[in-house]
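**Q** The residues making up each chain are set out below.
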Amino acid sequence: MITQGIEEKTFWLNLGPQHPSTHGVLRILLEMDGEYIASAEPVIGYGHRAHEHMAENRNYHQFLPNMGRVDYLHALAYNHGYCMAVEKLIGVVVPERAEYIRVITNELNRLTSHLLWFGAYLMDLGAFTPFLYCFDDREHILDLLDQVTGSRLTYCYYRFGGVPKDIDDDFIFGTRAFIKRLRSRWVDYHNLVTKNVIFIHRAKGVGIFTKEQCQLYGITGPSLRGSGIPYDIRKSEPYSAYPLFDFEIPIGENGDIYDRYIVRLQEMEQSCRIIEQALDKLPNGPIMAEKVPKRIKPAVGEVYQAVETARGEFGTYIVSNGDIKPYRIKLRVPSFGNLSLMVESFKDNLVADVVAILGSIDVVIPEIDR
Amino acid sequence: MDLLTHLGIEGVRMIVGLVAVIALVSVNALFLIWMERKVAAHMQLRPGPMEVGPHGAIQTVADAVKLMGKELITPEEVDRPIYYLAPIVVFLPVLLTFLVIPFSQTWIIKDMNVGIVLILAFSTLTVLAILMAGWASNNKYSVFGALRSVAQNIAYEIPLLVTVMSIILMVGSFKLTDIVAAQGRYWFILLQPLAFILYIICATAETNRTPFDLPEAESELVAGFHTEYSGMRFALFFLAEYTNMFIVSAVAAVLFLGGWRGPILPGVVWFLIKVYALIFLIMWFRWTFPRVRFDQLVTFAWKILIPLSFVNLLLTALALKIF
Numbered sequence: 001m002i003t004q005g006i007e008e009k010t011f012w013l014n015l016g017p018q019h020p021s022t023h024g025v026l027r028i029l030l031e032m033d034g035e036y037i038a039s040a041e042p043v044i045g046y047g048h049r050a051h052e053h054m055a056e057n058r059n060y061h062q063f064l065p066n067m068g069r070v071d072y073l074h075a076l077a078y079n080h081g082y083c084m085a086v087e088k089l090i091g092v093v094v095p096e097r098a099e100y101i102r103v104i105t106n107e108l109n110r111l112t113s114h115l116l117w118f119g120a121y122l123m124d125l126g127a128f129t130p131f132l133y134c135f136d137d138r139e140h141i142l143d144l145l146d147q148v149t150g151s152r153l154t155y156c157y158y159r160f161g162g163v164p165k166d167i168d169d170d171f172i173f174g175t176r177a178f179i180k181r182l183r184s185r186w187v188d189y190h191n192l193v194t195k196n197v198i199f200i201h202r203a204k205g206v207g208i209f210t211k212e213q214c215q216l217y218g219i220t221g222p223s224l225r226g227s228g229i230p231y232d233i234r235k236s237e238p239y240s241a242y243p244l245f246d247f248e249i250p251i252g253e254n255g256d257i258y259d260r261y262i263v264r265l266q267e268m269e270q271s272c273r274i275i276e277q278a279l280d281k282l283p284n285g286p287i288m289a290e291k292v293p294k295r296i297k298p299a300v301g302e303v304y305q306a307v308e309t310a311r312g313e314f315g316t317y318i319v320s321n322g323d324i325k326p327y328r329i330k331l332r333v334p335s336f337g338n339l340s341l342m343v344e345s346f347k348d349n350l351v352a353d354v355v356a357i358l359g360s361i362d363v364v365i366p367e368i369d370r
Numbered sequence: 001m002d003l004l005t006h007l008g009i010e011g012v013r014m015i016v017g018l019v020a021v022i023a024l025v026s027v028n029a030l031f032l033i034w035m036e037r038k039v040a041a042h043m044q045l046r047p048g049p050m051e052v053g054p055h056g057a058i059q060t061v062a063d064a065v066k067l068m069g070k071e072l073i074t075p076e077e078v079d080r081p082i083y084y085l086a087p088i089v090v091f092l093p094v095l096l097t098f099l100v101i102p103f104s105q106t107w108i109i110k111d112m113n114v115g116i117v118l119i120l121a122f123s124t125l126t127v128l129a130i131l132m133a134g135w136a137s138n139n140k141y142s143v144f145g146a147l148r149s150v151a152q153n154i155a156y157e158i159p160l161l162v163t164v165m166s167i168i169l170m171v172g173s174f175k176l177t178d179i180v181a182a183q184g185r186y187w188f189i190l191l192q193p194l195a196f197i198l199y200i201i202c203a204t205a206e207t208n209r210t211p212f213d214l215p216e217a218e219s220e221l222v223a224g225f226h227t228e229y230s231g232m233r234f235a236l237f238f239l240a241e242y243t244n245m246f247i248v249s250a251v252a253a254v255l256f257l258g259g260w261r262g263p264i265l266p267g268v269v270w271f272l273i274k275v276y277a278l279i280f281l282i283m284w285f286r287w288t289f290p291r292v293r294f295d296q297l298v299t300f301a302w303k304i305l306i307p308l309s310f311v312n313l314l315l316t317a318l319a320l321k322i323f
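If you're matching them up, the sequences are chains A and B in order.
By the working numbering, the letter at position 255 of the first sequence is numbered 255, and the numbering carries on one by one without gaps.
By the working numbering, the letter at position 124 of the second sequence is numbered 124, and the numbering carries on one by one without gaps.
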């Protein structure tokens, strides 16, 4: 590929794997015509850890901590997806309170992911300061999640049948206070970033994904909703306690990076709404299902469970052959499809846009290199 | 003694002046880097350097010592003579511009009658050094940085010159001391507010600062034209950047803010207050704005700044004719 099909007027630029804005170890080969891009090819696999293969060599419990390390920014959604798939497989019903706690922590985790994206994205566009403001906000969530889950980043909090640790009044009070604080911060974010002329000029009309392209490449998550397709697993295939809450699916119009930005910001507000409702309605009761077997040995069968992560649809597909170890686990990760279309949209854009588009997709490379 | 008589009073003045300038440039850069880190930190809800000295005041001294101790890495495929020369070329013109900057009525090394022209001419030379560095590095990112820098500097030099011309028209002299003397009643920022805004925008672009820091855009070009430079060679680019910031702010202080004029305090103090206030403004930009895109940057210069600066020049000329 590298030596074929190059015309004399173009040359190759190697973006990554060590580059300040590839968000991990992504390498993109860019065929450049001056500062414009003629074609692009992503090279992935630098962070490959063979998670799916590891699953085949350990039992269901032992694989649980791996799920916090596939997409480290929204680890709880991965926990959730995997736990729900196994629960489906062994037929365990999760108590209501545990479902509520899962939704609350999951949405808090989504907020951390979006906040980190917001900061990192603006850093890609050359603005350093928002990054630290977001980290200030994010720090509060990390403290809250630290209280219940015991870790700050690679969470392993959900168990088959519920959650191991209940949330206390401290957590509830802290979460309410945080949401109030975050809402007051949005005024600053919108005044300083969304209304900034330079930002608008950088973001509008750049990196457009059409609806057809999105469907062709299997784009999911905010990148898809930015193009105007209201597809969100939490609504379209409701799971856990999500159907009990009132929230909206924000969508964009043009599918450019500005729309994806707006969609993510609005999603943060919706997450806040879900958390508030869940805290208001939080039922009493057990947090763990009774009769969850210590040694999980499901019957022969297959199961698929999809959840909505901060980046899109994450699906767990488990094939059991009746052993204590899964026969095969396939993880469907959103970033892979998103990355494929992103590379397509680089064409005829500038190097500066490559960085902007890459940031707008919010890829997590270890998720692709699972 | 013979040497002294040979040089004459002017010569001695030049030598003392140059030594003072080198000292000033070094101390100024150390201070500015510390100031930038502090300004950035406080805008970003963090304390910044705190460990070395009170409030990290001598942190940059420690950094400079570290940079001096670093190995000077020369990549294999570079164009050696040009690669070695570039850091020197970027730094020398910066030193020379200090010759004509009036720190106060008496604190000026040589009050030339072409003062402002000399400053603008020498500051243009920076582009040459950036082009040399980018080209000689034999790195695609460096070349990108260098090419961007040339396009950017040419685009922004024109409105800068035209804007300065409108001030020159009012004063009728290129001498910096004359320009300050002409601001006895009003500072020119009051008479020429548009010119001041244009000048600050162009000056930010000239010194490659955010939102116009495309030659070294970190998230796109890694480090732009100085990607392949390490140790003191890198430090010289850094030093030149901060000194350039001082120079454009000093020129702005002379042209628009009445130079050393001010009540009670001595002239030098007033001058430095004005210069550092302007530098703070430029730093403020950097920590607030995202970066513009390259094509937008050039379009902005050619389609908005240049016409505006000519309009300003025309209005100035008309006003001078009428009143």
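These aren't lab readings, by the way, just hints derived from the structure by calculation.
Among the hints, a few may not be true.
Looking from chain A toward chain B, a few residues come up when the C-beta cut is under 7 Å (computed) [claimed, not checked]:
1) Gly126
2) Ala127
3) Asp136
4) Ser151
5) Leu153
6) Lys180
7) Leu182
8) Val197
9) Phe199
10) Ile200
11) His201
12) Ala352
Note that CB positions come from ideal geometry on N, CA and C, so glycine has one too.
**Q** Against which earlier hints does the structure fall short, listed by number upward?
**A** Of the numbered hints given earlier, those the structure breaks are 4, 5, 6, 7, 8, 10, listed in rising order.
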